[in-house]
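Protein sequence lines, in the order shown, are assigned to chains U, E, G, L and Z. Mapping of the first sequence onto the numbering used here: position 79 corresponds to residue 79, and the numbering continues sequentially without gaps. Mapping of the second sequence onto the numbering used here: position 364 corresponds to residue 1364, and the numbering continues sequentially without gaps. Mapping of the third sequence onto the numbering used here: position 81 corresponds to residue 2081, and the numbering continues sequentially without gaps. Mapping of the fourth sequence onto the numbering used here: position 140 corresponds to residue 3140, and the numbering continues sequentially without gaps. Mapping of the fifth sequence onto the numbering used here: position 52 corresponds to residue 4052, and the numbering continues sequentially without gaps.
Hints may be right or wrong, so weigh each one.
[Stated by the list, open to error] One side only, chain U facing chain Z, incomplete, derived with CB under 8 Å: (1) LEU4; (2) ILE9; (3) LEU19; (4) GLN24; (5) ARG51; (6) LEU53; (7) MET89; (8) ALA97; (9) GLY102.
[Unchecked claim] Covered stretches of chain U (chain L as the covering partner; in silico rule of three or more C-beta atoms under 8 Å from a C-beta of chain L): (10) 33 to 47; (11) 79 to 87.
[What the hints assert, rightly or not] Calculated pairs, DSS-like style, for lysine-lysine (alpha carbon to alpha carbon, straight line, at most 30 Å): (12) E:LYS1164 / G:LYS2351; (13) G:LYS2093 / U:LYS101; (14) G:LYS2471 / G:LYS2396.
These are computed hints drawn from the structure, not numbers from a lab. Cβ coordinates follow ideal geometry from the N, Cα and C atoms, glycine included.
The residues making up each chain are set out below.
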Amino acid sequence: MNSLNTYLIISAFLFSIGLVGVLQRRNLIGMLISVELMLNGASLNFMAFNRFLAPEPVVGQVIALAIMGLAAAETAIGLSIILALYRKMHSINIEQAQRLKG
Amino acid sequence: MTSMEMAGFPILTAILMSTVLGLFSILLIPPERTKLVKQVSMFWATVGLILTLWLYFNFDHNKGGLQFVERVLWVKSLGIYWFHGVDGINMPMLLLTAVVLFTGVWTMWELEYRAKEFFALMFLLVAGVYGMFLSMDLFWMFVWYDVSLFPMYPLISIWGGTRKEYGAMKLTLYLLAGSALILPAIIYAWVQGGAVTFDLFELQRIGFSLYDQKILFVMLYLGFGILAAVWPFHTWSPVGHVAAPTAVSMIHAGVLMKLGAYGILRIGMTLCPQGLGYWSDLMALLACIGIVYGALVGLAQTDLKYVIGYSSVSHMGIVGLGLATMTVSGINGAVFQMFAHGVMTALFFSSVGYIYDKTHTKVIPELGGMSKTMPIASAFFIIAALAGIGVPLMASFWAELLVFIAAVQVFPVGGIFALVGLIISALFMLRVVQRTFYGEKNEKFAHLPDVSPFLAVPRIILIGVILFFGFFPKVMLDVIQSAVIPFVGSF
Amino acid sequence: MMNDFILFLPEFYFTIAALIYFGLSLKKTSEPWALQKWALTLAGIGLIVTVAASRQHGMLFFDCYRVDLFSQVFKVLLAMGTFWVIFSSSELKGIDGRQHAEYYFLMFICTLAMMMLVSSVELLTIYVAIELSSYSLYLMVPMRRNADEFSETGVKYFMIGVTASAMMLFGISLLFGATNTTYVSQIVVKLPALLGQPVAIVGLVLSLAGFFFKLAVFPFHIWAPDVYQGSANQVTAYIATASKMAAAALIIRFTGFSMGASPALANFLVVLCVLSMTFGNLVALIQKDIKRLLAYSSIAHAGYMLMGILALGERGYAAAIYYAMAYLVMNYACFMVIMKIADDGHNLQIKELAGLHKRSPLLAMTLMMGLFGLAGIPPTAGFTGKFLVFAAAVEKGYLWLAIVGMINATISLYYYLIVIKAAYLLKPVEEFPAIRVDGMTRAMSLVLVGLMVYLGLFFNQFMDLTEAAAKSLF
Amino acid sequence: MDTSSSLTALAQAAFWITIGFTMTGACIAVFARNILYNVLGLALALTGVAGVYLFLGSLFIALMQLLIYVGAICIAIVFAIMLSRPLHLETPPRAMPKVVMAVAASAVFFVGLAGVALKTNWVPAIERSTDFSVVTIGHMFLTRYELVFEVISLVLLVAIIGAIITAGFSRRLSS
Amino acid sequence: MDAIFKDPVLLATVIGTSLPFLSMAVILCLTRHNPMLSSRISVTAIVVAAICALFNLAKVASASHAFRFDTAWMSSGNIHLTFGYYLDPLSALMLTIVAVVACLVQIYSLGYMSGDPGYSRYYAFMSLFAWAMMNMVIASTLIQLFIFWELVGLASYMLIGFYYEKFSASQAGKKAFVMTRVGDVGFFLGIIILTLGFGNLGIPDLNSAPGTGTLTTGFITMAAMLIFCGVVGKSAQFPLITWLPDAMEGPTPVSALLHSATMVAAGVYVFSRIFPFFAASPDAMLVALAIGTVTMLLASTMAMTTYDLKQVWAYSTVSQLGMMVMSLAAGGYFAGVFHLTTHAGFKALLFLCSGIFIHEFHTNDMRVIGKQGGRRQIIPMICITVGALALSGVPPFSGFFSKEAILAALNAQASPIWLFAGLFGAFLTAYYSFRLIFYLLFPKGGIEEKHAVHEMDSHGHKEEHHGGLFWAMAVPVMILACVTVVLGFTEHSLQGYIMAGGGAVKHASTQAAAGGEAHGGVVGHQLLVILGISAGLLGIILAWFEFGRKGASRNGFLSYFPPVWKLFDARWYMDAFFRWFLDTAIYSGLTNIFTRNDRRIIDGGIDGICFFTEAGGRIFSFMQSGMLQYNLLIMVLVAGLAMLFCLV
């Protein structure tokens, strides 16, 4: 169980399920949630490599921490943009946002 | 810019700069002072002509080879040189350019609409042409080649005539599509030459394998062939010529089309003689088809400029045929034909241009009987037509003679086939002359004035050139030969 | 210590500038023109500072940060792009006057982030820096006011951006796993040995995704048309010019990992290159809105830049750097004219250019030169750039790629010519008044035109510079 | 069955349960159609990931994960949902083709990633320290990752200002 | 330059041959608007040229050798072309003929063309013609000959289409140019082959070439046949006959000078010029003989049906040219040249006389002229009869002597068929000539007095009748009539002169005729003379019987065979065939196909490529749908596939 590959598969799964969400959710907030899953997948990857391979096991942790910080900022920005859109469009359904194309 | 190989005054750069300076000085003039614009243009065109004539008379054809060489390292890491020189192949072309520019500017003397932009673009175009003819460095050749092409778009689309936007777009895209093959070919040559130099002659010395030569030559041939209106890449020619204004047609058909053939000769044949050997049958075939085809299709045209466009296809076919023979006479004839055809088409377009300016039509059935209303303008056209059908003692006769001698020697069947084209081209030209200029006087145009003496001068100069080199072909051929004999010897 | 400070001077300077504008944003009211003048001054000094620091080299922050010719060249380009965009911000009508201070703040931050990006030689630093620059851009895009039809732009940009950056992060994690280090210098040493394993290439490809996103390479281009169209003109100009520089730099840095020894990576880049060029040029053919058109053209140009990069050699990188340089100048020239004409901040349609040559001959000429440059017509910088990238590609045996590139250039000429035609040929439906062009803009137009021609013809020293920069990469 | 093996079994069970939580949470976060369930699913998944971090030997990061992700980010999302209030009631029908395509594309991606993970011969570093301590993390942040640390602070500053101007102004303008 | 002044022959040649060119240039550039001055310049130039030509003739006759002057003209690789003059008896004679006839015609034109709006232009082109023709005659190389040969054709084109407002005139000019060009292409090809195979185009060198044995007979045959193509075109031999009758659209003096006396004879001249070369190829000679014969007979038949004065002479010209070709091909070198000389005289005479009638009555129809009192024009009537008698070969006019010489040459052939054809031709010639004369003299239904007088009055020519203009026309005619009477008696001195230097010619001539000499001819010498005269007289008697005697039907025997009449009248449908060929094969055939191909396939293909490119843009733009997630999907798919690609 406690092998590198298990973790890598889990993180790949998290990343991919996040992708499914991004590709299929209509709700923008739902998409944002999925993006968080993807980031977690990457983060988990770092932690796994950190645990099994890296010469200095703190590096992965530092990276995971940094990712968390960035994810927080990203969520804040994303939510504010979504809210702004909601105020203009009165919807947060991404399928409503199709005016620009071609 | 380290190594300088220069002897005395850089006359070639001066010729090139006469157009560049012309361009800049025109740009500085306020647009409403059209008179001044024309005077300045005329001045610089004259400067170019005088310098070129000086060069022509000081060119030593006994010595041959590249003369007045200027060679400066331009970009070290790629091996690009500012490398100019004249030999027997580009000397006639330079003379042609200078004459056509001079007469072209003069022909457009009555232009008032956006004159500043017109002359500025024209000088830009001619700068490209001069540069291409003078340069002996592949990079610069391509640069100048493209510089000479793109002003065609505004020139045609602003000042043009029939379907000008379509024609301009088609011509520009088509011609630049040709350079889509040229640029990769040039780079390929550079790479195969060790990626150290763009100097044409150094690359020639380095030499290429047969395989490379085959690839390179066909790319260059197709790329430049478009501009040389090689069948079946000729359809821009009529469409573009119909759309273009007079002086632009003159320069375009007169000079620019020669760039294509010149490119094949200068780059393609210099670098890949064996490649040419491999493809020469194809080249001759296309050329022969072009000769006959152009004349045959021209028979059915009803627009004067279409007619000239197709006659150009036919005449440029002769150039192609001459080049394909790879013999001294063939190449001599081809170069001579480039010159002769340039002057002749310039004359064609300038007379058609005059008629069009006055009558606002160039549809043959609507004209008719023009000899009565405009005898002088008609005479110009008829003389051009006679030159076009290869009447002796006009420059193009010698060219055709030489090309056909070589063609019959090398490609007997094709040569005879092309000779038949001479009959058709006679039929075709005389038909146009008959329908446009002969017949009852056309009352609709009876009030129109004939060419004024002032505007007749440039046309007379062109006729003079045609006749001069028709009477004294030696003057031209000695120059051409001085380059062609060693050139053919190097195959 | 002092020496280190000089190394870090441009970044430091831009941090200060950003903080000044952070302070200004707290003020209740401020005159937009005053903000612009100050920002212009700051950016100008910033440009000078960057140029002054351009010959520095050294390492900072425990070897996370490398100052060398490569990074400094790009920093100069970034500073220049920023300066130019701020120069054109005098008509910043697309953004509410109350947000101008934030606009400049974000722009300085973004420039700073990208400067750090080009200098970073450690994966986490690179990631953080790219996120910083992205976030500021995410925020600048929806600032546009009075443009409800474009309100979706911000969210689209954001969503695609975060997806791409998640991919990049995953890729970086794979690289980390493969080489057990986050230092570029060590990765460069270790990775070539690992090229036989899928992880190396997959890691590289995924981490390139983020940069491809920034550069708008097919298929990571999807934001470009919408964002170009939907954000304020100045923001578009910034995205189109400065932000592309950083992306190009990073792609060069990452592809350099393989040390040119990976056919798989090269093939991948070739495919993207061809797709980008073809897609961008073909779709641009049918555009009506100039900014959208330029967006597609930028996709195509990303393809050309890739052509230099995929040669995976010094000459190719040098060519790509040169191309980026030329692209900055040409693209900005076009945008400057657009911003000047659409001085009320609306989206310019091609047909609105009708009669431009009468309204302002100088702007018309600048636009024409810029577009010809983009189309790759000599004697402009665009041609030389194309020439160099083709040369690099052919040298690696991609003759056919150069032909494809040239055919694409011909296709692209069509839509550029349509714009030029509008400017020089079309009769306007209604007479627009002449455009008042102030002295600064005149001077800038001439400088740009001169620069384009100069770069296009006298590129000897630029070649030396870019080749030295590419050499300093390894 | 000695203790160590039973402990191992226990640990294994705990591990798989954590994984199960994570996956279930992720699935809920993505596939549930009510947005509030999604958030809850996300919280569940993030907690699961925190658990996995524990197994990876980093208590600190696991805690931070709970704190920042579950604590801060999820709450922020809930707030956002509340601000755009009627939306959590909106449950448009599922468009099957879209879902299928999304799943297919992601499956390709997953296969790719998994393939990379399995086919690669992962080589551990030759010399590996075992220093997982928080102190070292802090030390790292102040030495090697000093720049990162600073930049993250800038990122947060940008995020704050950005959130204010984007959400704030648009409110004022639209009202 | 000095050389020119040292040698009087060269000086005379240069002056004589270049003055007309100068006159053309001056007229076109400067004196276009002053017709009087233009004509004076031109006439002066040609008179000087004629004097120079006579001087040269005398010089050549007195010298024992030919004069040759060469200067380098052009060189390209191993092809060296020279410009030069080659004055031997033949060319000096021809030069004199050309100069003198041109001179007479130009003087004649002073009257004939007076008041024409294109007066200056006319003289300019006449000068052009004179210059080109003279240079052609004395050209030292075949290529120079060809060049001026083409220029002569150009002048012919210009002069035929002189009345360019008339469609038929411009059409005829075009036809003449294109049809001769067909032959010229063969000629050109022949020159090219000679250049390649022999390398020296000098005429004396060429003539001595077969003797040296460097050239194979096959090569000579090919080259000779190709050059003969040019002869066929220029001299309107079968099958390129029909342009010459049409060329009568030009002014009558033009017809007289170009299309009977000199230009069309150029073909025959070329034949005689390189006669030894031709003679080296029996096959070529046989072909030429056949073509000459066919031409002669065909043209004679055509002449029997037309009522147009000039047409009759035109057909007759063709037929006489055919005869000359026959003569040369049969080895009768001197006979051919002699007939060329006499023919130039009497045919110019005939045309100029007809010109006076046409000028007077404003019609070409012989019946109308006769009706309106043609016979009252005493001088032209006498002269035209003299000409017709010469043409019919009635002694003692010049035509008799030359025709007898030709018949003698034909007699020397092995096969009697050529002789009978020649005799038959002579019979037909006499018949149609006198058909014309009798139409003029004895019009059907007598003369309509009043109408004729009225006609004259209304055109105000009456006072000119005895004015300078009339005499300008009458004097040349009379001179020519005198020449026609006298020329025949110079046969022997002329023969001595022509055959003097030409060893090669003599050799070739005897060789070619050798077949006949062996069996002493088909008929005896005395019998031949009688046959020749009786053939002519028979024709005249038949014409008298049908047209001249009182109460004659004036229809001709051919009218009893309508299909034959129709066949002859339609020129054996040759024109119809050419027209059909041009229309079907060229205009609606190749041209049409190629034009469609050009529009649809080539140009359409290009436009199609552009269209599909743009359509490609539209299709690709669907990829950029407004739907964010579809776009993302593409992105993810590409990234995923790239990964899979890396895995496998």
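Status of the hints after comparison with the structure:
With a least beta-carbon distance of about 18 Å to chain Z, the hint placing LEU4 of chain U at the interface is violated under the 8 Å criterion. Given hint, ILE9 of chain U at the interface with chain Z, is violated; its Cβ is 15 Å from that chain's nearest Cβ, farther than 8 Å. Interface hint at LEU19 of chain U: satisfied, since its Cβ lies 6 Å from the closest Cβ of chain Z, which is below the 8 Å cut-off. For GLN24 of chain U, the suggested interface contact is upheld, since its CB lies about 7 Å from the closest CB of chain Z, less than 8 Å.
Interface hint at ARG51 of chain U: violated, since its Cβ lies 24 Å from the closest Cβ of chain Z, which is beyond the 8 Å cut-off. The beta carbon of LEU53 of chain U comes no nearer than 20 Å to any beta carbon in chain Z, farther than 8 Å, and the hint placing it at the interface is violated. The interface hint given for MET89 of chain U is violated, since its Cβ lies 13 Å from the closest Cβ of chain Z, which is over the 8 Å cut-off. The restraint placing ALA97 of chain U at the interface with chain Z holds, with a minimum CB-CB distance near 7 Å, inside the 8 Å limit.
At its closest, the beta carbon of GLY102 of chain U sits 5 Å from a beta carbon of chain Z; the interface hint therefore holds under the 8 Å criterion. A count of 8 residues in the segment 33 to 47 of chain U with a Cβ less than 8 Å from any Cβ of chain L is obtained; the coverage claim is therefore met, three being the minimum. Only residues whose C-beta sits within less than 8 Å of a C-beta in chain L count toward coverage, and the segment 79 to 87 of chain U has 8 of them, enough to reach three; the restraint holds. A C-alpha spacing of about 18 Å is found between LYS1164 of chain E and LYS2351 of chain G, which places the hinted pair at or below 30 Å, so the restraint holds.
Restraint check: the Cα-Cα separation between LYS2093 of chain G and LYS101 of chain U comes to about 25 Å, which is no more than 30 Å; the hinted pair holds. Taking the CA atoms of LYS2471 of chain G and LYS2396 of chain G, the gap is about 18 Å. The hint holds against a cut of 30 Å.
Of the hints listed earlier, those the structure fails to meet are numbers 1, 2, 5, 6 and 7, in rising order.
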